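Number of protein chains: 2
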Amino acid sequence: MKRIYLDNSATTPIDPLVLESMTTAMTENYGNPSSIHAEGRKARATIEEARKRIANQLNCSIGEIFFTSGGTEASNMVLKNSVRDLGVGHIISSPLEHHCVLHSLDSIKESGAARISFVKVDREGKVDLDHLRELLAAANEKTLVSLMHANNEVGTLLPLDEVSKICQDNGALFHTDTVQTIGYYPIDLDKIPISFLAGSAHKFYGPKGIGFVYINGDNIIKPYLDGGAQERNMRGGTENLYGIVGMATALELAYVNLEARQKQIRLLRDYLGVQLENNVPGVEYNGDPIGGHYKILSVSFPKSPKGEMLLMNLDMAGISASGGSACSSGIDVGSHVVGHLHPDSERHTVRFSLNHHNTKEEIDYVVKELKKML
Amino acid sequence: MKRIYLDNSATTPIDPLVLESMTTAMTENYGNPSSIHAEGRKARATIEEARKRIANQLNCSIGEIFFTSGGTEASNMVLKNSVRDLGVGHIISSPLEHHCVLHSLDSIKESGAARISFVKVDREGKVDLDHLRELLAAANEKTLVSLMHANNEVGTLLPLDEVSKICQDNGALFHTDTVQTIGYYPIDLDKIPISFLAGSAHKFYGPKGIGFVYINGDNIIKPYLDGGAQERNMRGGTENLYGIVGMATALELAYVNLEARQKQIRLLRDYLGVQLENNVPGVEYNGDPIGGHYKILSVSFPKSPKGEMLLMNLDMAGISASGGSACSSGIDVGSHVVGHLHPDSERHTVRFSLNHHNTKEEIDYVVKELKKML
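Those protein sequence lines, which keep their order, are chains A and B. Each residue of the first sequence is one higher than the last, beginning at 3 in the numbering used here. Each residue of the second sequence is one higher than the last, beginning at 3 in the numbering used here.
Rather than coming from a laboratory, the hints here were simulated on the basis of the structure. Hints may be right or wrong, so weigh each one.
To be verified - Partner residues are not named here, just some residues of chain B that face chain A (Cβ under 8 angstroms, in silico):
1) C102
2) Y257
3) L260
4) N280
Unchecked claim - Sample of chain A residues facing chain B (criterion: CB under 10 angstroms; computed from the structure):
5) T13
6) P18
7) L19
8) M24
9) N34
10) S71
11) S113
12) G114
13) G230
14) R237
15) Y244
16) I321
To be verified - The calculated lysine to any residue pairs, modelled on SDA-like cross-linking and capped at a C-alpha distance of 25 angstroms, are:
17) A:K111 to B:E310
18) B:K144 to A:S109
19) B:K44 to A:G91
20) B:K224 to A:T26
21) B:K111 to A:G89
22) B:K4 to A:K224
23) B:K44 to A:R5
24) B:K44 to A:G89
25) A:K44 to B:K224
26) A:K224 to B:D108
27) B:K111 to A:N142
28) A:K44 to B:L19
Computed from a predicted model, the values in this text were never measured in an experiment. Virtual Cβ for every residue (Gly too), placed ideally from N, Cα, C.
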């Protein structure tokens with residue numbers, strides 16, 4: 003049975019062209035980029051070319067892109083080292099952030115190095131911008147705002163332009179976790195005043211284990227991984243060359259095909275919504291399905307005895323979806339996002355997240371199976 | 003012209019069987035290991051199998067192996083979090099350690115969280131064990147000893163058994179950077195009392211961007227990368243599945259072929275030494291070529307006007323070697339290791355580090371070219 007993969011916010015399959023670029027690098031480009039001989043120089047050139055390809059897509063300087071092992075390392079680096087190196091004494095975030103942000107904030111709080119505030123969010127997961135302004139106005143310390151561009155569980159989008167402007171007007175630094183939106187929305191870093199940004203290749207059909215952090219040239223922090231002089235003394239450790247090449251290829255493909263993929267995914271996701279409403283009584287959505295990320299539909303099913311087993315039954319029917327984010331589903335705890343938005347709800351959440359390979363036939367099959375199950 | 007690669011301490015080419023295992027994983031195993039559906043479970047099973055394959059080679063428990071982005075992250079995690087989480091107030095290390103250790107110690111020192119001492123080393127880079135005992139006896143704080151198993155620049159080996167015993171007898175924790183020795187020497191963690199150990203796949207014909215840390219079950223530290231519940235809550239971030247698979251395959255191959263590879267590399271390296279002595283006047287060695295790592299020959303050439311350009315001329319002749327470690331050679335600063343061992347020397351150092359694909363003909367060509375150059 004061919005499986006139907008609707009968990010693309012957890013991770014995406016590697017694009018065949020990305021795989022090809024990686025395989026070439028893995029066979030032909032084995033030097034250490036810090037070595038000065040021919041093999042080393044070739045590896046160095048490949049990495050710097052990849053950095054340029056990524057910077058070009060985001061319209062920033064190549065000197066502002068630093069490779070990391072993924073989005074988690076990027077956000078750890080930004081949050082912890084802004085406190086240590088830039089005198090940040092106050093961080094404003096939201097209760098709906100990814101655990102790599104929330105748990106980094108826990109560490110910072112525990113160390114006593116900075117104060118943490120949380121901005122209010124509404125039932126759709128939208129940040130209360132007036133509250134953000136109030137928190138910023140009331141802060142006496144140097145403040146960093148850390149808010150994700152799209153929520154990974156419910157898809158609600160942050161108005162990046164507006165929030166970055168609010169931060170700028172209040173003299174605050176702004177970090178945004180764009181792990182779910184890089185490669186899915188155009189991001190022009192020359193136009194939007196962002197201090198820091200985190201990205202991860204495996205969310206846009208690139209490999210796992212590689213990501214990057216954008217650090218605006220005005221905000222020089224020190225390394226989070228101390229070691230060799232790699233990444234212009236900003237991140238020790240021999241570079242993951244194959245991953246970097248794969249990420250650059252994947253990002254270019256994502257932006258070259260942006261409109262076509264976006265249109266196709268959005269149409270299918272909306273079709274899924276309509277079919278669910280027509281076939282499954284009492285369906286609701288978490289987040290903001292109209293204005294939110296086009297790849298995500300977080301569906302809330304009415305309480306039912308069969309609801310507990312929904313994901314398992316979907317899996318047995320060959321359909322892969324998620325209860326919350328992948329990072330929490332593995333340990334079987336409820337989603338902190340849906341739990342925050344609907345604290346007293348006993349409904350059952352299934353997050354469907356689509357890619358451009360999904361088809362109308364797959365959606366029809368999913369709805370048919372769900373109808374049988376509920 | 004086929005190039006001659008003699009910089010295997012900087013990095014090694016990926017073994018074809020390793021590449022094959024990675025390509026299979028990249029095409030067929032794309033789930034997020036934290037997802038509970040079939041794709042996720044398959045990815046999780048692959049990672050846990052790889053963990054077992056690695057633990058088996060080192061004779062430790064699977065619960066003691068945690069995947070990282072490489073040796074640098076592993077040593078950062080151990081050093082910084084031992085101070086934060088285990089009450090370590092004093093670290094004893096050596097001036098010859100890799101920069102990922104030395105610069106982590108700089109960070110710790112700067113934060114004021116622990117005191118740093120350096121044990122004396124002799125001209126061959128051997129640690130003065132009596133001085134280590136003295137430092138341990140004089141310490142009032144909980145102490146961590148961090149010493150590398152083999153020096154990456156000159157190859158000098160640490161007597162692991164003896165040092166780990168000294169640490170145990172003095173109630174000190176012991177961390178060892180085994181980046182140059184994992185896969186080159188048998189390491190039995192059931193027999194040697196080691197607290198922490200760092201490894202990196204790309205040094206033993208595996209991929210870049212992946213490594214691991216061994217954490218003895220008695221020494222529970224908290225994550226260095228805060229985030230999801232990956233690695234049993236010890237390291238956030240979606241796992242680098244392909245890297246992990248490649249690393250496990252590479253480590254198994256390294257140990258299956260250990261004796262054959264060791265014999266071949268040692269013979270060739272010794273042949274290189276003899277030929278150099280016979281053909282280039284005034285050749286000496288850094289470190290301890292007899293008792294040190296069999297893959298490394300750090301050659302010291304007499305001061306000469308042509309010595310400055312030696313690496314460049316070798317490179318132009320198709321020969322890749324290194325001045326010091328790859329991590330420092332890129333920025334063209336002198337090696338901190340050779341500089342410490344021979345502070346007043348004006349001689350020229352070339353580190354040759356061999357692999358099991360090198361041949362006698364290659365060595366003959368290298369010596370012939372060197373003779374011409376000097």
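Verification of the supplied hints:
no.: 1; hint: C102; result: holds, 4 angstroms
no.: 2; hint: Y257; result: violated, 21 angstroms
no.: 3; hint: L260; result: violated, 22 angstroms
no.: 4; hint: N280; result: violated, 25 angstroms
no.: 5; hint: T13; result: holds, 4 angstroms
no.: 6; hint: P18; result: holds, 8 angstroms
no.: 7; hint: L19; result: violated, 13 angstroms
no.: 8; hint: M24; result: holds, 7 angstroms
no.: 9; hint: N34; result: holds, 4 angstroms
no.: 10; hint: S71; result: holds, 4 angstroms
no.: 11; hint: S113; result: holds, 8 angstroms
no.: 12; hint: G114; result: violated, 12 angstroms
no.: 13; hint: G230; result: holds, 3 angstroms
no.: 14; hint: R237; result: holds, 9 angstroms
no.: 15; hint: Y244; result: holds, 6 angstroms
no.: 16; hint: I321; result: holds, 8 angstroms
no.: 17; hint: A:K111 to B:E310; result: violated, 52 angstroms
no.: 18; hint: B:K144 to A:S109; result: holds, 23 angstroms
no.: 19; hint: B:K44 to A:G91; result: violated, 43 angstroms
no.: 20; hint: B:K224 to A:T26; result: violated, 38 angstroms
no.: 21; hint: B:K111 to A:G89; result: holds, 19 angstroms
no.: 22; hint: B:K4 to A:K224; result: violated, 41 angstroms
no.: 23; hint: B:K44 to A:R5; result: holds, 13 angstroms
no.: 24; hint: B:K44 to A:G89; result: violated, 44 angstroms
no.: 25; hint: A:K44 to B:K224; result: violated, 38 angstroms
no.: 26; hint: A:K224 to B:D108; result: holds, 12 angstroms
no.: 27; hint: B:K111 to A:N142; result: violated, 30 angstroms
no.: 28; hint: A:K44 to B:L19; result: holds, 24 angstroms
Hints 2, 3, 4, 7, 12, 17, 19, 20, 22, 24, 25, 27 from the earlier list are contradicted by this structure; the remaining hints agree with it.
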